[in-house]
Amino acid sequence: AQSVTQLDSHVSVSEGTPVLLRCNYSSSYSPSLFWYVQHPNKGLQLLLKYTSAATLVKGINGFEAEFKKSETSFHLTKPSAHMSDAAEYFCVVSVIVGTDKLIFGTGTRLQVFP
Amino acid sequence: GAVVSQHPSWVICKSGTSVKIECRSLDFQATTMFWYRQFPKQSLMLMATSNEGSKATYEQGVEKDKFLINHASLTLSTLTVTSAHPEDSSFYICSATTDTQYFGPGTRLTVL
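Protein sequence lines correspond, in order, to chains X and P.
Taking our numbering, the leading residue of the first sequence gets 4, the next gets one more, and so forth.
Taking our numbering, the leading residue of the second sequence gets 903, the next gets one more, and so forth.
In isolation and in its complexed conformation, chain X is listed as follows (with noise of 0.2 Å):
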């Protein structure tokens, strides 16, 4: 079964400063994955996604992530955070291929001090 465990329950970095959010997956086959983010009384928004091209995925707001076979791993990451980086991101893992069904890590609650 697929599934994505996320090491971090809560990051917390000072403004400027590089962003590091852990994720790892399970995954009996080649996976889809995914990094949304979610602000307070917004809807998710897809930040990039992953689908077996290239390792490194960029993705909007300066953020990206490497897909590392070898260590089952998907760590999204910044090198300057915003204030307006301050949100819930969950690393998500797509079920089955050719279909649209996902399953969510825990989330990882990123604050931003200035």
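Keep in mind that the hints are not guaranteed to be accurate.
Stated by the list, open to error - Heads up, simulated PhoX-like pairs for lysine-lysine below, C-alpha to C-alpha not over 20 Å straight-line: (1) LYS957(P) with LYS61(X); (2) LYS957(P) with LYS45(X); (3) LYS72(X) with LYS61(X); (4) LYS104(X) with LYS52(X); (5) LYS922(P) with LYS104(X); (6) LYS957(P) with LYS922(P).
Unchecked claim - From the derived model, a few chain X residues whose C-beta atoms are all more than 10 Å from chain P: (7) VAL22; (8) LEU23; (9) ARG25; (10) THR75; (11) ASP103.
Just so you know, the hints here were simulated from the structure itself, not pulled from any lab data.
Positions of the beta carbon are idealized from the N, C-alpha and C atoms, including for glycine.
Using the hints provided, position chain P relative to the given structure of chain X.
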């Protein structure tokens, strides 16, 4: 990008009443929509897959008679929580797919 709306954004109802939540894809047609439930400070749990013109497919443990889903058109799916009870209080989120899954802003249901 594609926009998905939900209505209402929040609702408070008395125990035993039914509540309908609408999910609309505003600028695209979606043959498939999904309904999720999110408990406070927890992740999203898929409840059901809604396909236009056919019966919804429910995930294990989700009561189909309690959570009625209708997908009457390519831009509208509705979730009706029947005979709501306080334990049904939650944040309900829908999504619609094109090549990517787009999410609505969610509906917060509080059952008194």
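Here is what the structure says about each hint:
no.: 1; hint: LYS957(P) with LYS61(X); in the structure: violated (38 Å)
no.: 2; hint: LYS957(P) with LYS45(X); in the structure: violated (29 Å)
no.: 3; hint: LYS72(X) with LYS61(X); in the structure: holds (17 Å)
no.: 4; hint: LYS104(X) with LYS52(X); in the structure: holds (14 Å)
no.: 5; hint: LYS922(P) with LYS104(X); in the structure: violated (23 Å)
no.: 6; hint: LYS957(P) with LYS922(P); in the structure: holds (17 Å)
no.: 7; hint: VAL22; in the structure: holds (20 Å)
no.: 8; hint: LEU23; in the structure: holds (20 Å)
no.: 9; hint: ARG25; in the structure: holds (15 Å)
no.: 10; hint: THR75; in the structure: holds (19 Å)
no.: 11; hint: ASP103; in the structure: violated (5 Å)
Checked against the numbered hints given earlier, the structure breaks hints 1, 2, 5 and 11 and satisfies all the rest.
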